[in-house]
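Colleague: Construct all of the structure, not just a fragment, from the sequences and the given hints.
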Amino acid sequence: MTSSGMRWVLGGAATVTALGVGRMVARRRRRHQPDREGGWYVVHRGITVNRPRDAVIGFWTGQERLDRGLAEWATLERLDDNRWRCVASDPAGGGTEWRAELTVDGPGRLSWRVTEGPVAERGRVELVPAPQGRGTEIRAELRWRSGRVRQLLGLASRHDPDLALRSALRRIKSLIETGQVLDTRHDPSGRSPKQEQATDRIRERLTVGGRP
Amino acid sequence: MKALCWEGVRKLAVRDVPEPTIRAAGDIIVKVRASSVCGSDLHLINGYLPAMREGDILGHEFMGEVVETGPDVRRIKIGDRVVVGSVVACGACWYCRTEQYSLCDNSNPQPVFSEKLWGHAPAGILGYSHAAGGYSGSHAEYIRVPFGDVGAFTVPEGCRTTRWCSPPTPCRPAGWGPTSAA
Ligand SMILES: [Zn+2]
Ligand SMILES: [Zn+2]
Chain A
151 MTSSGMRWVL GGAATVTALG VGRMVARRRR RHQPDREGGW YVVHRGITVN
201 RPRDAVIGFW TGQERLDRGL AEWATLERLD DNRWRCVASD PAGGGTEWRA
251 ELTVDGPGRL SWRVTEGPVA ERGRVELVPA PQGRGTEIRA ELRWRSGRVR
301 QLLGLASRHD PDLALRSALR RIKSLIETGQ VLDTRHDPSG RSPKQEQATD
351 RIRERLTVGG RP
Chain B
-11 MKALCWEGVR KLAVRDVPEP TIRAAGDIIV KVRASSVCGS DLHLINGYLP
39 AMREGDILGH EFMGEVVETG PDVRRIKIGD RVVVGSVVAC GACWYCRTEQ
89 YSLCDNSNPQ PVFSEKLWGH APAGILGYSH AAGGYSGSHA EYIRVPFGDV
139 GAFTVPEGCR TTRWCSPPTP CRPAGWGPTS AA
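The listed protein sequences derive, respectively, from chains A and B. Numbering follows our numbering, in which position 160 of the first sequence is assigned residue number 310; successive positions increment by one, without gaps. Numbering follows our numbering, in which position 78 of the second sequence is assigned residue number 66; successive positions increment by one, without gaps.
Just to be clear, a hint being listed does not mean it is correct.
[What the hints assert, rightly or not] To give a feel for the contact side, a few chain B residues facing chain A, derived at Cβ under 7 angstroms:
no.: 1; residue: C(-7)
no.: 2; residue: R3
no.: 3; residue: P6
no.: 4; residue: P8
no.: 5; residue: A12
no.: 6; residue: C78
no.: 7; residue: A80
no.: 8; residue: Q98
no.: 9; residue: G121
no.: 10; residue: P134
Hints were generated in silico from the structure; no laboratory data involved. Ideal Cβ placement from N, Cα and C applies to all residues, glycine included.
Modeller: Following this line, the structure appears as structure tokens:
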């Protein structure tokens, strides 16, 4: 085969591969889209905590433990009986602030509504005993509203409420079970600041993929 | 401090890196006295496990002296000579309480990557790539060990450092996890 013929073959193969990868990414992105219900995006996530339900409820009511656990992540301030002010610290810098109203709906059931914040959001949490005495399931439902423009902006600023919910559940589980949440971002390495930034981006992208 | 860093497939270099600090209440900092090379280090060096990043510090079988402890550490004391299991385990989740330490739910801070690869994220492992939590390894002067009370074991007086670091011993905690955690 001539070398120009070889180039054509290679070029064709590259194009086919690129198309295939593009289609795969598109399919994955579609699959990752949350359900929609009356203009709201809806996701359901859950996690099992290896503690009885009362211990899980106790965690939420122990303000000191909650504060210590959330220290690196957000500050929570009680405004009155059922209103809280929450300032979240963004790992990339620049705090996102929102106010939320929390309502206790019954034993082991609460709901919240963001009253002021960048995204209209509401959620519900229910604590259910896990089968075979394996502790407590935290079942969460999150709804948020975002228009097409918002959605595009949201994707650009990498704000994904579903992802945020999943990592929040993981953190809560770890806090209740161990009293701490581990993080390895920016642990010692031989990376330059630029390589560290690239690694952060890859870490985030790998995390966003996740289970459909 | 000096550390042996992965720079790319089959490329290693000794670099000056920042020293580790206590980041969680159960952390301990160990001054590494001996760190052995495991067969599985070769998988990382050769790119067989494709979750390494430039600058990652290798090493997961080691012993040393405890120089700092977090506020929640009870069993381990500063000055203790310890051998550390490479699998990070919290000692409190369902898997840890049923002695399945390598499946710990709380020790892999970036579990979604391995969830995607394997369907379930296993525990974090020190110095073992970003699929195992992205922890800095022990081929360095100091290392941070999370959940120090669970993963570190004091070495009895009279045992020489080099003997305790020979591969069989650290491989044991790596294989079936810390036994005295409960
Ligand atoms: Zn090993
Ligand atoms: Zn565990």
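Colleague: All the hints need checking, so say for each whether the structure fits it.
Modeller: Hints, one by one, checked against the model:
no. : hint  : verdict
1   : C(-7) : holds (3 angstroms)
2   : R3    : holds (4 angstroms)
3   : P6    : holds (5 angstroms)
4   : P8    : holds (5 angstroms)
5   : A12   : holds (4 angstroms)
6   : C78   : holds (5 angstroms)
7   : A80   : holds (4 angstroms)
8   : Q98   : holds (6 angstroms)
9   : G121  : holds (6 angstroms)
10  : P134  : holds (5 angstroms)
Consistency with the previously given hints is maintained throughout, with no hint failing.
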